[in-house]
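All chains should be built: construct the whole structure from the sequences, respecting the hints.
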Amino acid sequence: MRALFGSQPGNPVRYCKRTSSMKVRILITGACLFFIHSTAWGNSAPEQLAFFEKKIRPVLAEHCYECHSADAKKIGGKLLLDTRKGMLDGGESGPSLDLHNIDLSLVLQALKWEGDLEMPPEEPLSPSVVSDFRKWIEMGAPDPRKEEPSEIEERTYEEGSLWSFHPVEKPTLPTVKNREWPIQPLDQFILSKLEDKNISPAETAPPRTLIRRLHFDLTGLPPSPEEVREFTAAYKNDPNVAVSRLADKLLASPHFGERWGRHWLDVARYAESNGNDGLSRNPTFPHAWRYRDYVIDAWNRDVPYDRFLTQQIAGDLLDFSSPEEHDRNRIATGFLALTAKPAKAMNNNFAMDVVADQIDVVSRGVMGISVACARCHDHKFDPVSAQDYYAMAGIFTSTETMWGVAGNEKLTAPPTDLHVLDAAPFVAPPKDFVETVILKESNTGKPKEIPKSKWEPGTPLAMGVRDAKEPADCKINLKGDAKKLGEPVPRGFLSSYSIPSPEIASTTSGRLELSQWLTSGEHPQTARVMVNRIWSHLFGKGIVGTPDDFGVYGERPSHPELLDFLACQFVEDGWSMKRLIRSIVTSRTYRLDSIAVEDTLSADPGNTWYSRHDRRRLDAESLRDSILAVSGQLNPNPSEGSIIRHRDILVNLAGNLHEPSQHRSIYLCYLRNSPPPELAAFDLPDFLSVNGKRDESTIPGHALYLYNSPFVVEQSTHLAESILSQDLPDEESIIRSLYDRALLRTPDPEELYRAKELLESSRAETESEPQAWACLCQALIATNEFRYID
Amino acid sequence: MNETFLSRRKILQSASSGFGYLAFSGLAQASLSQRPPLHQARAKRVIFLCMSGGPAQLDTFDYKPQTGKKPHPGSIYPFHQHGDSGLWISELMPETAKHADKLCLLNGMHADTGIHAQSFLQLHTGDRLRERPSLGAWVSYGLGTENQNLPGFVSLNTSRPSIYSSAFLPSIYSGTPIGANGEEMSKATIANVTSSHFSNDLKRKQLDFVQVMNRNHLSQRQDDQKLEGVIQSMELGFRMQMTAPDLLDLSTESPATLERYRVGAQKGPVGTCRVSDFGRQCLLARRFVEAGVRFVEVNHGSWDQHKNHRRDLEANCAATDAPIAALLEDLEQRGLLEDTLVVWGGEFGRPGLTPGDGKDETGHNANGFTFWMAGGGVKGGFAYGKTNETGARAVEGKVHFRDLHATIFDLMGLPANDLKYRHEGREHRLTGPEGGRVVREIYA
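In order, the protein sequences belong to chains Y and L.
Mapping of the first sequence onto my numbering: position 727 corresponds to residue 727, and the numbering continues sequentially without gaps.
Mapping of the second sequence onto my numbering: position 116 corresponds to residue 116, and the numbering continues sequentially without gaps.
Calculated from the structure, these hints are not laboratory results.
Please note: incorrect hints may appear among the correct ones.
What the hints assert, rightly or not - Each computed DSS-like pair below joins lysine-lysine, with the alpha-carbon atoms no more than 25 Å apart: (1) Lys226(L) <-> Lys693(Y); (2) Lys440(Y) <-> Lys307(L); (3) Lys112(Y) <-> Lys386(L); (4) Lys170(Y) <-> Lys344(Y); (5) Lys448(Y) <-> Lys307(L); (6) Lys344(Y) <-> Lys307(L); (7) Lys410(Y) <-> Lys344(Y); (8) Lys344(Y) <-> Lys448(Y); (9) Lys420(L) <-> Lys226(L).
Written out as structure tokens, the structure reads:
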């Protein structure tokens, strides 16, 4: 761990001194046409210009200028018709005039109300007007109007709004008055702001709070009562040593990867089925679980983040030194194949919908920038043009995406190949396995035969991608319609970055180059976004409050220098996620109590300045896992494969596929539109797109889950049986033991009294002693104390 | 923390409507408590009869007879005039036709895309691609619920969560799903709504024990709105256990009522027409609005009858016609129709078939289709808007989804384009950047 960081004196902090607004030029297609033809107009015959004045200009002025002139309130489709340049350059849909193929001129098509464009929108103009326009274009579109350079090409951004596009600058450590307080360098950034604002931070949290927080944050599981006692004793001796040792122990636990892998799976919109294709068909992804296991393993091995990303974007193109590594590299590319696809049937844009998802998962997941809007038009807010979008799209259209047979339902998605693994074992279906979910004819609903798989059942397969046979650039889809093609855009990356772009050879898709571009260490967002994700999982909120949006309309960082400091540290530490987490959880800031004095609360009401720790609710997985842990039913070992590993079926025809399990929640079957019932009540995302921040809602459905779900009821009984099986001498000792197990503390006399009172009521109507105790057990599980982490 | 009720508050502060700032400050915190509308409301609640798949308007509610010598696409089923208004309705909807004088047809609907999923999402949320708050969530956000024992928005036989999601609105406004499209609807219920392991009396004692612990926990932790919110929501959940199972239990309804609604009468799927037990859905919808739920959506599909247009369309009409008629009848009879807005429609329509050409296959048409409304302060027996003579394109009285949304808001006393929510640095509204037009022409 680096003790001192970037503290060279005189190193200017350019980051926060940047004040000038930034202008970004957005390219508009067809601009060069103007130069070819402009001289021709200069020589237009007077009668031709007269024709324009008489027949064309009045129509434009009456019917078009309201939306398509410099004076328009809002310029429709970025198209200006009040200059000849504007007409030739065109707007979002392309140039208005085509002087070679006159009838392909958009302005004619629009006037005729043919195709998608219908102008003017109220009603079509008379056929004679259309024929005038045709005639005029035939003449070469003579136009005496002055050239006014259009203003809409340059977009001005509010100061600071493009902060995340600026290079990461290593800041100097701020000075602080209270030199005793900081433990890690990051603490100086927090404390200096607190001191600036005259806020006194909360005390350090007591050891019981700390160990609970660390256990849940690093492994998603509660500590045992014994671990609490050991830590408390060690903490008395030396708090710093105790916290560091605990952090090291938890970072080395196999449960670490299960916890942090789950966070990444949310970003990767991981799921084991396609989700509703829009027509209620939801095919399984029987091999998706291999990607889940890859992610857990990568976090446990502390695979550097640059490598982790490269494997997921271009693993199939990487060298390998063992069959296992070859498998891992290819499984990792499942990241790009987990798309929730809309139905192929009737959808000409299907292939581009898959590409859109791939662009989205890379752009929002890795860069924190949403590029999706540029599919149909230049991004309204962020500096991303349709050109940029189709440059990136070319990388993915040059890639073959392999999702498998999509439940053998071609109307959802055509069947594809899969990666056949080298080292993974062959696991045949159980001998008595019979597929019970039948395949149906879409139109008649009649059963049809399941096609024979091209692989022997049990062959180790993985979803993923590989380069297409003939990589090629992608043409712009006008308005996002794959049937209306514009010019091809050379494959590449987003243009608003001033970092070197690796060349993409004509023979490759460009995915490897994309991952190099993202992970060179120069990309301004890659490290910032990941550091912020990690911070956000440890504090309940990010330094940037919108972890998936670092764009113009995302939130600004509360501590920009801290974010850059951590981003630098992350890259310099070899992109080690464990080292970053360790440096954060051993800091003073992380250790603060969530309870603070009134002055602190009123000075920092939203806890913007980290004057205390934010209280958080256990997420769906941690809640289920801790209930299993305290009831004694948790099977701590990884679960092998998935319950659907041999099933290429439609989930919507299957009824409930879920089966009870005692393994950790991450190993449950995450089907889209049919989430595991034990988790569904607690703000599980829908896994359709990148999600860096789970909701923390408060709805009555949670209460109903705690009161009535078969899972909670059953585990309460297990907990009761387990507590009673200890042969404790009297009721009071059993209650104490229960509080110790569930809440990691002893009950006070009043609580003891009330627990006995509830037991008495419960005994009056239940048939057995364990059932009577189950009522008390369920109550403790339902408390906020059990479900919230201080 | 950036989410506020700011826009609403601003409007109210500037409005001389009698609510002051104080009455509203409580609303900054997400709550289901009932809120007065911002202007005179015509409708207090909504039942949305969502017809997924693209119902064929030309064979149901948009009459297009042949006009010239040459056959052209149009209605292939006979239409008749009904009621005092003489509204044209297809003979596939004989029961609904009896309520013609209650219906306000919107024949000039149009949408942006013929892609099911996208148009369906846009119909519900205003956006074709991204997850955004659903119409019902917005209404619930704007008005709260009339019954503190129930959620403000219930979605029956629903599909994706994105259809009933509150998205970035506080999730208390999210729809409560009951049953998923494609699953057995006759038994669908609210997840975990009951259990029998303890008596209600013991459950109450258990909850009292929990709440004492929760309050002590809270008092040691100063003022924490989240923890306070949980305590309240534990109570709402408990009350729902008491209220919702009874509402979902139709055994108290008379056999005659069950028969009128055709509960459980649909025997099996016919082509694209699924078994949705639409009768049970409609009856539940009536019971939910009676109980004070603000927005109820019921669903039937799929109207996407490509290859067997006639057979599947007839099945879809048969599955929904009588239940809808029973619902309209009951709402009227109970005096609920005047302030309950019933809305019927799907994500788009279909092109017409040409009589006599032997074809039985239709595709999608987003350029012209039909919705209808009833009750809630709109004209009855009225047809607004028009498609051209082949029914292919709306040409008059055009209503886009955003106009439909704006109109529903306005009818409910909510500001059509000013009910906003700040999220990720900007204000969002259901009607999107373009805004919607309130179709006042249909107001009674």
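Hint by hint, here is what the structure shows:
{"no.": "1", "hint": "Lys226(L) <-> Lys693(Y)", "in the structure": "17 Å, holds"}
{"no.": "2", "hint": "Lys440(Y) <-> Lys307(L)", "in the structure": "16 Å, holds"}
{"no.": "3", "hint": "Lys112(Y) <-> Lys386(L)", "in the structure": "21 Å, holds"}
{"no.": "4", "hint": "Lys170(Y) <-> Lys344(Y)", "in the structure": "48 Å, violated"}
{"no.": "5", "hint": "Lys448(Y) <-> Lys307(L)", "in the structure": "18 Å, holds"}
{"no.": "6", "hint": "Lys344(Y) <-> Lys307(L)", "in the structure": "17 Å, holds"}
{"no.": "7", "hint": "Lys410(Y) <-> Lys344(Y)", "in the structure": "8 Å, holds"}
{"no.": "8", "hint": "Lys344(Y) <-> Lys448(Y)", "in the structure": "20 Å, holds"}
{"no.": "9", "hint": "Lys420(L) <-> Lys226(L)", "in the structure": "23 Å, holds"}
In terms of the numbered hints stated before, the structure departs from hint 4 and from no other.
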